[in-house]
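Top line first, the protein sequences correspond to chains A and B.
Mapping the first sequence onto UniProt numbering, position 153 (from 1) lands on 153, and the numbers just tick up by one.
Mapping the second sequence onto UniProt numbering, position 252 (from 1) lands on 252, and the numbers just tick up by one.
Worth flagging that the hints you see were computed from the coordinates, not collected in a lab.
Keep in mind that a hint or two might mislead.
One side of the interface only, derived from the structure: several residues of chain A facing chain B at Cβ under 10 angstroms [as the list claims (entries may be wrong)]: (1) Ser9; (2) Ala12; (3) Arg16; (4) Glu50; (5) Trp56; (6) Val68; (7) Glu72; (8) Ser78; (9) Thr80; (10) Val106; (11) Leu118; (12) Thr119; (13) Gly132.
Here the structure is a predicted model, which means the values were calculated and not measured.
Think of the CB as a built atom: it goes at the ideal place given N, C-alpha and C, for glycine as much as any other residue.
2 protein chains.
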Amino acid sequence: MSRVATGESVLARGVRVIESFGLDDRSLTVTDIARRSGLHIATASRLIEELVGTGWLEREGRQVRIGVRLWEVVSRASSTVGLRQAAMPFMEDLHAVIGHHTQLGVMEGGEVLFVERLTAPKAAVNYSRIAGRLPLHASSSGLVLLANSPQEQQERAIGAPLKVFTDRTVRTGRELRAILAEVRRQGFAFCAGHIYPETTGIAVPVRNADQTVVAALSVIVPNDDAARSLIPALQAAGRGVTRVMSASIPGQS
Amino acid sequence: MSRVATGESVLARGVRVIESFGLDDRSLTVTDIARRSGLHIATASRLIEELVGTGWLEREGRQVRIGVRLWEVVSRASSTVGLRQAAMPFMEDLHAVIGHHTQLGVMEGGEVLFVERLTAPKAAVNYSRIAGRLPLHASSSGLVLLANSPQEQQERAIGAPLKVFTDRTVRTGRELRAILAEVRRQGFAFCAGHIYPETTGIAVPVRNADQTVVAALSVIVPNDDAARSLIPALQAAGRGVTRVMSASIPGQS
Chain A
1 MSRVATGESV
11 LARGVRVIES
21 FGLDDRSLTV
31 TDIARRSGLH
41 IATASRLIEE
51 LVGTGWLERE
61 GRQVRIGVRL
71 WEVVSRASST
81 VGLRQAAMPF
91 MEDLHAVIGH
101 HTQLGVMEGG
111 EVLFVERLTA
121 PKAAVNYSRI
131 AGRLPLHASS
141 SGLVLLANSP
151 QEQQERAIGA
161 PLKVFTDRTV
171 RTGRELRAIL
181 AEVRRQGFAF
191 CAGHIYPETT
201 GIAVPVRNAD
211 QTVVAALSVI
221 VPNDDAARSL
231 IPALQAAGRG
241 VTRVMSASIP
251 GQS
Chain B
1 MSRVATGESV
11 LARGVRVIES
21 FGLDDRSLTV
31 TDIARRSGLH
41 IATASRLIEE
51 LVGTGWLERE
61 GRQVRIGVRL
71 WEVVSRASST
81 VGLRQAAMPF
91 MEDLHAVIGH
101 HTQLGVMEGG
111 EVLFVERLTA
121 PKAAVNYSRI
131 AGRLPLHASS
141 SGLVLLANSP
151 QEQQERAIGA
161 PLKVFTDRTV
171 RTGRELRAIL
181 AEVRRQGFAF
191 CAGHIYPETT
201 GIAVPVRNAD
211 QTVVAALSVI
221 VPNDDAARSL
231 IPALQAAGRG
241 VTRVMSASIP
251 GQS
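So here's chain A without its partners, still in its complex pose:
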């Protein structure tokens, strides 16, 4: 992974070209890509040319984008497809009933990665987005995922510096340890104002056939007295997704 550029394979360089695209980059120039990937501009240019040829990148004038063709291959075959398909009908029902953001997150690289999200035009603000990330300790989804992760990962998070978003964010290892135990006991995470003072995140676990927690289903609602009343609906939906995930054929989920 960290081989010096000269010993790096062409494939690894191609990966770096594509990974130059960040969360807010719909398009980049060849120069941007060369700078971000640390490749010579001539090398970047040649790789981009080749990836445009395969349809994995698209070029419009000076702007380079991720191609629809790559999106297609990845969207239909990624490991999140089964999870998203199982969750979507329950997410749509929750969204229709609750009228606020409804989202599905998985653990990826020590953070929550949101793989699906339904928004509401007038819903409470929140930070997350599809393919966006949040720290584990700060979000209700992250707490559910972390509370059900291997002990070693929990200890690593408890020992690490914790980013503070509001005066309600979990900020010490001791607090984090206590809340993780509570999440396991209750079966949900309820985070009023942890990321944004005006909003409450509520998350429940989604399990696969082995009873392993593979995702967190969550809603982001206003931080008010009504929020707690939504917990049962979310718990029921979480059990529904778990039931569908458990029924799917191993290797096909």
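Given the coordinates of chain A, assemble chain B onto it according to the supplied hints.
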């Protein structure tokens, strides 16, 4: 693109490994990938190893999958992101009101590629799915996209053999030419029983700031007398997405 295997670059072979995954493949074995990509098993194995190292593929026992990491990069930066974000709130509203499949398709490689879809648990059956494809002449979305495509592409479709799904499918070039003209005149496509006898597809165009048709917004509803009454709601939603697309900064959509 069609260089013989021996002169092909490592990057092109890596692309072939990932493109081995088809619409129904959540996972493949190394042997499957070698066979489909036409690579020697040792070569395929080495490339897979390298792609697992970058997180682009994941391996679980003998099964290889597209990695969450590749999904993340592509989902947040692909050229369809702006379109899907603009369309999603309108799709959610349509879905809530109509209660049937609501979908968003783009033209890709001479077919409709569905880039977003909301399903309904008890909705009418249909063939499409996220990252699924349908022929242009057979689907309402395809007719909208084809009717607004360059003349040359229309003539190519009119001259080609047309796959028949039901006895209502458009099956001759003459019929296709007539229906394309009708779609342009009406501003929507209404296809009762063209793909499945029990369902009607209705599609409207979505335009960008240049007034170019960039997508088709559609619903799949039961093939009955009520279907026509849904056209205005769909048209209003199509105009809504167009308005949002037109307002977004060029290069950022």
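Each hint, compared with the structure:
1. Ser9: 6 angstroms, holds
2. Ala12: 7 angstroms, holds
3. Arg16: 9 angstroms, holds
4. Glu50: 6 angstroms, holds
5. Trp56: Holds, because the Cβ-Cβ distance from tryptophan 56(A) to chain B comes to roughly 6 angstroms (cut-off 10 angstroms).
6. Val68: 5 angstroms, holds
7. Glu72: 5 angstroms, holds
8. Ser78: 4 angstroms, holds
9. Thr80: 6 angstroms, holds
10. Val106: 7 angstroms, holds
11. Leu118: 6 angstroms, holds
12. Thr119: Because about 7 angstroms separates threonine 119(A) from the closest Cβ in chain B, which is inside the 10 angstroms limit, the hint holds.
13. Gly132: Result: holds, 7 angstroms to nearest chain B Cβ.
In this structure, every one of the numbered hints holds.
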